[in-house]
Structures are given as C-alpha cells and as structure tokens.
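As given, the protein sequences belong to chains A and B, one line each in that order.
Per this note's numbering, the very first residue in the first sequence carries number 2; after that it's consecutive.
Per this note's numbering, the very first residue in the second sequence carries number 272; after that it's consecutive.
One should not assume that every hint holds.
What follows is a set of in silico ranges between Cβ atoms, one per label pair, in the way DEER data are often shown [said to hold, decoys possible]:
| id | chain 1 | residue 1 | chain 2 | residue 2 | range |
| --- | --- | --- | --- | --- | --- |
| 1 | A | 267 | B | 399 | 49 to 59 Å |
| 2 | B | 537 | A | 42 | 35 to 45 Å |
| 3 | A | 283 | B | 575 | 28 to 38 Å |
| 4 | A | 191 | B | 499 | 43 to 53 Å |
| 5 | A | 185 | B | 546 | 50 to 60 Å |
Hint data in this document are derived by calculation from the structure and do not stem from the laboratory.
Every residue gets a Cβ at the ideal spot worked out from N, C-alpha and C, and that includes glycine.
Spelled out from the first residue to the last, the chains are:
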Amino acid sequence: MRCLNTVIVLTVFLAGVAKAQQASSTPSQPALVAADNAALEQKVRDLEDRVVTLEGLVRQLQSQPAPGATAAAPAPSAPASQPAVPTEQGAAGALTTGNETVRLGGAGAAAAKALNPDISVIGDFIASGGHNPINPTPSFQMHESEVGLQAIVDPYARADFFISFGETGVNLEEGFITFTSLPQGFVAKVGKMRAAFGKVNTLHNHVLPWADRPLVTQNLVGGEDGINDAGISVQHIIPAPKNWFLEFTGQGFRGDSADVFTASNKNDLSAVGHLRAYKDLTDNSNLDLGVSYSRGHNLFGTNFITNLYGVDAAYRWKPLSRSIYRSFVARSEFIWRQQQQPGLFACSVITCPLNTAASFQRAFGFYASGDYQFARRWFVGARVDDSDRPFNAHLNDKGGSLVLTYWPSEFSQIRGQYRLTRYGENFDAHELFMQVQFALGAHGAHPF
Amino acid sequence: MKLHCKLYVLAILLLCLALFSPSLAEGKKLRVVTTLTDLASLTQEVGGDRIDVEALAKGYQDPHFVEPKPSFLLKLRNADLLISVGLDLEIGWLPPLITQSGNGRIQPGAPGYLDASQFTEILEIPQGKLTRAEGDVHPLGNPHYWLDPDNGRRIAKGIAAKLTEMDPGDQAYFQQREQDFEKRLAEADKKWLAQMAPYRGAKVVTYHRSWPNFAKHFGLDVVGYIEPRPGIPPTPSHTIEIVNLMKREKIKIELIEPYFDLKTPNSIASMTGGRVVVLMPSVGGKPEITDYFKLFDYDIGVLTKAFEETK
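With the sequences and hints as input, model every part of the structure.
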C-alpha cells in the first residue's frame, strides 16, 4: 500500500512538472511550440489517466473499509486479493467500520471486515387504539426488529438472512442461498423463505403499504408469518412474445406453515407454484399479474389436504420524469382455500347448516387497495377487505382501511391507519394504528 | 406420499436440465446492457456495430430511484456484459435484478460485470466517520462522475479494454474506434472549454450534488445546495439560507436536474433575481440529446445562454 501511495505521489508530481513546463515555455517559435504543447497536453492527459487508474486500483485494494483513509495513515498492510467490484460489500464495509481501529489478530482488520455481509436493522413500532376482542393488539409494541445479513457467497451464489426479533422471541424469517449462475437461466433458492404465493405473502412487514396485513391473509394464508417454510425454490423466465415477461416459480417445502399446512410426518410436503406475467404498458405504467397454487397437508393430519388458489393483479403508474414525487399503485388478490377437515370438528365449533359438507370447507377472500403518492414524502391509501373463515366458511369478515404515510427520509417512515372490521359474529371493530419504521445500515433494495 | 414423489421427480428433472443442457451458444454480437444511457452511449462509441447495447434507466429519470421492473430482466437475462455506474448509485434497484436475472455471466465478480467507477476520478469521497445524519450520502464518493469529459474518455478506454477481453478478435476495431472517439472528444472538449472560458470561477448553487465533476472540469464553483442534505427535500429555513447566500455572493445560477420539482428553485430565483437552469445529467434527458457529445453540447449551450442573460 505504501509503495502504491508513493507511486501515486510521484506520478502526480511528474504531472505537475509537466504542467509547469508547459506553462513556462514561451512561444518563440510558434509552430514548434504548438506541436510541443500538443504533445505535452497529450502527455499530461495520459499521466492524469494513469493517476486516476491508480487511484481506482487503490480504492479496490484498500477493500473499501474506510474511504477516508485513502490519503491518511497507511492501512494495515494486508495484500487482500479482492474481487474487482464489490459494490454491495463496499457499502457495508464503509458503514460498519467507520474509523474504528479494531484489529483482528494478525490479519488486516480492514480486509477481514470488508468481507462482512451487508448488515441492516429495521425497527417496526406499532401503537394501536380501539377495541377488538377477536384480534387484539397491544397499545404499544415493538412489533418487530428485523436484522438483515446479506452477501455474495461465492461466484455462484448469494445468501440472505432475515432474523426477526419480536417482543417475545426470535424467528428466522428467511434464510436462504440463491444460486445465481445456473445454466439455462434457472435461479434456485434453498433454505427457509416466504413462499411465492401471491404478492402479500412474499413481502416483509416493512415493505407493505399498510401497518397490518389484509384480512384474507390473516384468515386464509397464515397471517403475518404466512406460508413461510424450509424448502427449495426454482424459478425460470419463460420466453414470451410482445415483450411480456413470464416467469414460473416452483417450490417444494417441508409442509409447516402457520395454520395453513402442518406436516404430521416426513412425507407431508407442501408445494407452491406461481406464474407471473408482467408487461410495461407505457414507460410510466405497467401491469403485473399472477396466478398461484399451493397444496399441502393440514393440521388435522396426513389425510387432510388444504388447497390454496390465488390470483393477483397490480397496476402501477409512475411518471418517470417525476418519479420521486408521484406514483399510484392499485393491487388486488383473490384467494380460495379448500380444506378437508373432520366433519365433527367443524360442527362442534359452530352448528352446521343441514345441507353443507362441513368436512370440506371452501373459503374465499380478497383485498383491493390503492396507494397514491401525492408528494415526495407523502402517500395516501385505502383498502377493502373481505374474507371467509378457513375452518368455517360460513363466517365472513369484512373490513376497510384508510392509510396515510409520511417518509421523513428514505430510511424512516411514519404511518397512520384507520381500520374498520365487521366480523362474522356481527361485531364491529374500529381501530387506529400508528406505525413508526426505521432502518439502519446497508441500503436495501426498494421493493417492487 | 404421492405429492412427495412428484416433488422428487420435479427436482430430478430440473437437476437434469440444469446439468446436461449445453451452455448457451456464443452469439455473434456482444450484447451489452448498461444501467444508464451515458454508459450506453460510450459503449456504442467504442463497440460500433460489433455490439448491441441497451440502457435500463431513461435519461430523464432519477438514477437513484429506478424501479426494478421485471421487464429489465428480459434484457439482463441475455446480456453478455453489464456495465454499471457503481459507487452505490444503483444499490436500490440493480442488485435484485442481477440476482433474479438467472444470468451467471453478469453476476458481480463475473467477467461480464463491469463497474465503470474503477476507471474514473471520484470526487467527494467522505472523510472520517459517516452517518446518515448527513442524508443519503454515498460512502464511496460521488457517483455522478460521467459528467466530466475526461472521465468519459477514461470510461471509454476501460470499456474498450473489456470489450477486447470478451471479443479478442475485434481488438483492432475497438482500439481504432476508441482512439477516434478520444480524438473527437478532445476536439469537442476544446470547444466546450472555450465556450465556458468566460465563466470560469463563476459561483453557482445546485439542487442535488450531481455536478461536482462537471463543475470541476468546466471551472464552476458550487457554493451551495438547494437540498439541505442529499436526498432530503428543501426546507424553508435552508431555502432562506440559500437565498441569503445567493444575494450575498451575487449568484444568479441554480443548476437543477430535470427530475426535481421546480417549485422551490423557482421561488428562490424570484427572490434573488436568479435563473433556474435545468441541465441534463444524462444522455436521453431530451429527445435531441442522442449521445455523449450532444449531452455536453446541450448543457453548455443552456448554461452559457443563462450566464449571458444574467450578466
């Protein structure tokens, strides 16, 4: 490193001398001097380029722990052979190390840290008011603290961990490796992940446009945790005409997800299939459609199957030249859940009408929502909810929400939500939520 | 049990597909995808008709906030080479696209991934401890480096080297085109510098920190920003500071990117008798800006006119 610095200083000095010479030469013989000048200019330019190239090399060699250290004290000499362009790691490195002078044994601390994953923490605080005995929420809760650890594993894969700390325990929300360099354009994931069933199921809390999840998710798709299980996922883009984007995702899981699937024995696997169709309607608007299917065994045992069918649609509008000020997203999901269950059970919970097959529940639910961004940091939204209960589809819950969201910056968010829920038991719950979210560390990708 | 078997069969089938399929046939033309239009223009200059190049973002949109649309995946999945600006400019949208592209050739670290920032002079690399209290800072330095023609030349050189590495047969072609580009750029730069010569050292304020490289090359002195911190929209108190600054220093020019709201800049202009100058940060910002040369032609044309009129 010291050697490199010396080289740079020398080159800069040479460039300086060249410039000085160029300035001091007097135009005694115009033609000759002009030619000389041109040659010198070229030389200076070349030297400058070489300096810049060296600077770039230094940036890479220093493995980007503390960008400030470029010219300052020489970093612990560790000739780390870094991948040429660790953009992602760079951010983490810079953010997590700062100017600390921690040494990790003999190896260069900076170099060791440079390979640390991107670390981020997202806090999610929710305050609620109102009375809801059916689905109670505390007055104040630190709903979730999600720690994200993300990095490139090797030239063939990257890995993402999202560890969610609730108020009472820790949960591995997701933890998976993504193989990015498979032949034929396949992308495979192995680990625990949110299943590709519809849209909301794939999203983490902090990227939802609401403080809660829609009723249909709560009732039919496992609530906040959703279909989230250990298994294997394979996705592939299917060539399609007319600039349609078609992608198929196939996933196989152990078969344990909230109240949706339960694996009573090792063979009770569950599967999820999702087909996504997307098209840019114009530069400013696009349409995103999907159909999903999921099948697995439910909590009544190996012989009882739950089938889930879903259709999702989203329309997005964002004028590109004013993309940070205005946008609109309309989204909706329709979900059907067919569940085999022992007839007796259902009828013991609530009396079954005479002519229904209580041992086979067909529940349906949907939500439809719209979110409009009316200023750089302000969003307003509304959502309509409707869903049957999974274990007794004769009970139907309905609801509606109004949402106002404010972003002080890209890294924090304050949201207010009014929610009315009319439960199947003929009970109305009026609730107010206030949510504060804040992010530390590496800059995560924006959701789409 | 049945389901179980099906899953196994599916997995095995997929594995077979993955393992035994022949690797993609080598295309005749290199397919290059760049994140921004400026890199696409520079690549076109060097690659000529031996390559196909496409940019993801539009020239008139904010490159920090591009949406990772699935339609971009259609371009990325077939790309041989992806050229990015780097320095975390695209961190909000490019990484998930690369991951989902299913294209091993353009993954970070693979030969088909090129971060153009390594070739260029980077300004505003933060010194010392960094926190987000300073706004949406770029810890690796200011990523708007392509707005200095000297960096344009260096990027072109870097791209030429990369194209040569990927397509050694066309080495002479790329080299010749790169040298030709360099020559034309040097001539154009002489013209631009001459146009800007009367205004060297002029003080300006800018909306976002997009112009340090441009200002350095053309001798402008950026003394203030309309954004109180990078990525934070203007606040009343900061706006008053800027108004006072502009009055005190007799600054007449505000440089704005086309994707920012003009309300605050306009009111500042009306209070100070200044002028809002919408400069294009990228090729394609206006329909007539079709390449890297026209980008500077346009910006310098607009800027010199504004200086002239506010003298």
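So, going through the hints one by one against the coordinates:
no.	hint	in the structure
1	A:267 to B:399: 49 to 59 Å	56 Å, holds
2	B:537 to A:42: 35 to 45 Å	42 Å, holds
3	A:283 to B:575: 28 to 38 Å	35 Å, holds
4	A:191 to B:499: 43 to 53 Å	45 Å, holds
5	A:185 to B:546: 50 to 60 Å	56 Å, holds
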